[in-house]
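Asker: The primary structure of each chain is shown beneath.
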Amino acid sequence: MRTDTRTTAPPLPPPAAVPRPRGRPRRATRRLGVQPLPALVLALFLVFFVLPALWLVLAATKTDSQLVHSNPLAFGSWRALRANWDALTDYQDNAVFLWLRNSALYAFLALVITLCVAIPRATDWR
Amino acid sequence: MSAPSADAGRARRPIARRVRPAGRSGHGFVAAYAVLLVAFGVVPTVYAVRFAFTDAGGTFVGLSNFATAARDFRFVAAVEHVGIYLVCWLASLVVFSVGLALLLHRLAAQGMSKLLRFVYYLPGALAGAASVMVWLFVLDPAVSPVGFLLRGLGFSTFAQVIAPSHLPVLFTLIAFWTGAGGWIIVMYGALNNISPDVMEAARIDGAGPWQTAWRIQIPLLRKWIVYMVILAFAGGTQLFVEPQLLSQASVGVAGRDYSLNQLSYDFAFQNNDVNTAAAVSVELLVVSVVVAAVFVARSGFFDAD
Chain U
1 MRTDTRTTAP
11 PLPPPAAVPR
21 PRGRPRRATR
31 RLGVQPLPAL
41 VLALFLVFFV
51 LPALWLVLAA
61 TKTDSQLVHS
71 NPLAFGSWRA
81 LRANWDALTD
91 YQDNAVFLWL
101 RNSALYAFLA
111 LVITLCVAIP
121 RATDWR
Chain H
1 MSAPSADAGR
11 ARRPIARRVR
21 PAGRSGHGFV
31 AAYAVLLVAF
41 GVVPTVYAVR
51 FAFTDAGGTF
61 VGLSNFATAA
71 RDFRFVAAVE
81 HVGIYLVCWL
91 ASLVVFSVGL
101 ALLLHRLAAQ
111 GMSKLLRFVY
121 YLPGALAGAA
131 SVMVWLFVLD
141 PAVSPVGFLL
151 RGLGFSTFAQ
161 VIAPSHLPVL
171 FTLIAFWTGA
181 GGWIIVMYGA
191 LNNISPDVME
201 AARIDGAGPW
211 QTAWRIQIPL
221 LRKWIVYMVI
231 LAFAGGTQLF
241 VEPQLLSQAS
251 VGVAGRDYSL
261 NQLSYDFAFQ
271 NNDVNTAAAV
281 SVELLVVSVV
291 VAAVFVARSG
301 FFDAD
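One line per chain: the protein sequences are U and H, in this order. Position 114 of the first sequence, counting from 1, maps to 114 under the numbering used here, and the rest follow consecutively. Position 296 of the second sequence, counting from 1, maps to 296 under the numbering used here, and the rest follow consecutively.
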């Protein structure tokens, strides 16, 4: 482990002189400051994860023609958002709220069953 | 799993006696899980296995359903597709989720680290089918936010983007977009679990970031990585929603009989041949169980540290 000559870690001082680590003591790792390569990688993945979701949100504010012809990351208009919302809720007379309620119920019941089964199962009954 | 082994019980009798009644109530609590496991895990599996070895009339036919599936002209192609997809998906998941977790863990700015973890996780909040729908638009050069990138790569139409040879990579992108964030958080938690003493010892011994990651952190993450690979493998063999939606969106240009699960679905609901469909499912199950067993055995997954 001592073969890495590039390391900047100082040689171990005598025990009395070991300075108390500042900040959060539980983290003994040296943290990267802003180094270009890690920052670039993290930023690229940030774009990868955010861009489609951002596009999705913005798409709700556009008309069909704006979707194709305007800048993909431009905001459409509040009017188009309103129209899209109305189109959504008009579909089968507010069916979307029933679907939302179904999803919530489904997720909630699955959560309850999982917790009821998993917590007693994982507890150490001694 | 709380009950001490028989040997330990004999060696330390008083403790064993004290444990026993509580152990029985423990069985009661486990029973809830066991009932659900039997009802929704074991029984359907046995049912599928029975289907796989019988014909429509219910008589035993040995392996003939498996032979029917294997002779189908789509079968080998589907196996290849799923295999290539699994390689792409597992490789990218392991490399990038572990790599990103390591980077986030070293990030000096705590707030930024938290924010990034949250944002990476965010796409996972979209339901599976919805995230596929988003990607169908993202991959269409006409409306995509990265249309310039797609056109730069030489694709000017949706059909060119979803050419069959691109599908494993595209499905990997979709799966990574929805699934990787959760695993990054799991890996981050596992990294937090590594004793600061170990990390400090590495630092004092002069290990740089790379050496610490490669020789300390990744080996200590091994069990988590194995766990992730097992679950991701099992999930990956079940590839269905992505190609199915893609085939609908492209009006059958791509993805119609892409994966084994789709083939099974077709056997069951197009050909009305539930038995062959069950045979394909049983094959998937066997492969997943065998791979999981190999990983568990080779990694000492259940060894106490």
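Rather than coming from a laboratory, the hints here were simulated on the basis of the structure. Certain hints may be false.
[As the list claims (entries may be wrong)] Simulated restraints on C-beta separations: (1) H/235 / U/107: 15 to 21 Å; (2) H/90 / U/91: 35 to 41 Å; (3) H/67 / U/89: 40 to 46 Å; (4) U/101 / H/293: 39 to 45 Å; (5) H/46 / U/92: 26 to 32 Å; (6) H/297 / U/89: 53 to 59 Å; (7) H/166 / U/91: 29 to 35 Å; (8) H/169 / U/82: 36 to 42 Å; (9) H/133 / U/75: 52 to 58 Å; (10) H/302 / U/107: 38 to 44 Å; (11) U/82 / H/67: 29 to 35 Å; (12) H/49 / U/93: 41 to 47 Å; (13) H/210 / U/110: 40 to 46 Å.
[As the list claims (entries may be wrong)] Covered stretches of chain H, going by a simulated chain U footprint (3 or more residues, C-beta under 8 Å): (14) 44-51; (15) 55-62; (16) 136-148.
Heads up, the beta-carbon is just placed ideally off N, CA and C, and yes, glycines get one too.
Asker: With reference to the structure, classify each hint as holding or not holding.
Answerer: How the hints compare with the structure:
{"no.": "1", "hint": "H/235 / U/107: 15 to 21 Å", "result": "19 Å, holds"}
{"no.": "2", "hint": "H/90 / U/91: 35 to 41 Å", "result": "39 Å, holds"}
{"no.": "3", "hint": "H/67 / U/89: 40 to 46 Å", "result": "52 Å, violated"}
{"no.": "4", "hint": "U/101 / H/293: 39 to 45 Å", "result": "42 Å, holds"}
{"no.": "5", "hint": "H/46 / U/92: 26 to 32 Å", "result": "40 Å, violated"}
{"no.": "6", "hint": "H/297 / U/89: 53 to 59 Å", "result": "54 Å, holds"}
{"no.": "7", "hint": "H/166 / U/91: 29 to 35 Å", "result": "33 Å, holds"}
{"no.": "8", "hint": "H/169 / U/82: 36 to 42 Å", "result": "39 Å, holds"}
{"no.": "9", "hint": "H/133 / U/75: 52 to 58 Å", "result": "21 Å, violated"}
{"no.": "10", "hint": "H/302 / U/107: 38 to 44 Å", "result": "31 Å, violated"}
{"no.": "11", "hint": "U/82 / H/67: 29 to 35 Å", "result": "59 Å, violated"}
{"no.": "12", "hint": "H/49 / U/93: 41 to 47 Å", "result": "45 Å, holds"}
{"no.": "13", "hint": "H/210 / U/110: 40 to 46 Å", "result": "42 Å, holds"}
{"no.": "14", "hint": "44-51", "result": "violated (count 0)"}
{"no.": "15", "hint": "55-62", "result": "violated (count 0)"}
{"no.": "16", "hint": "136-148", "result": "holds (count 8)"}
Of the hints listed earlier, those the structure fails to meet are numbers 3, 5, 9, 10, 11, 14, 15, in rising order.
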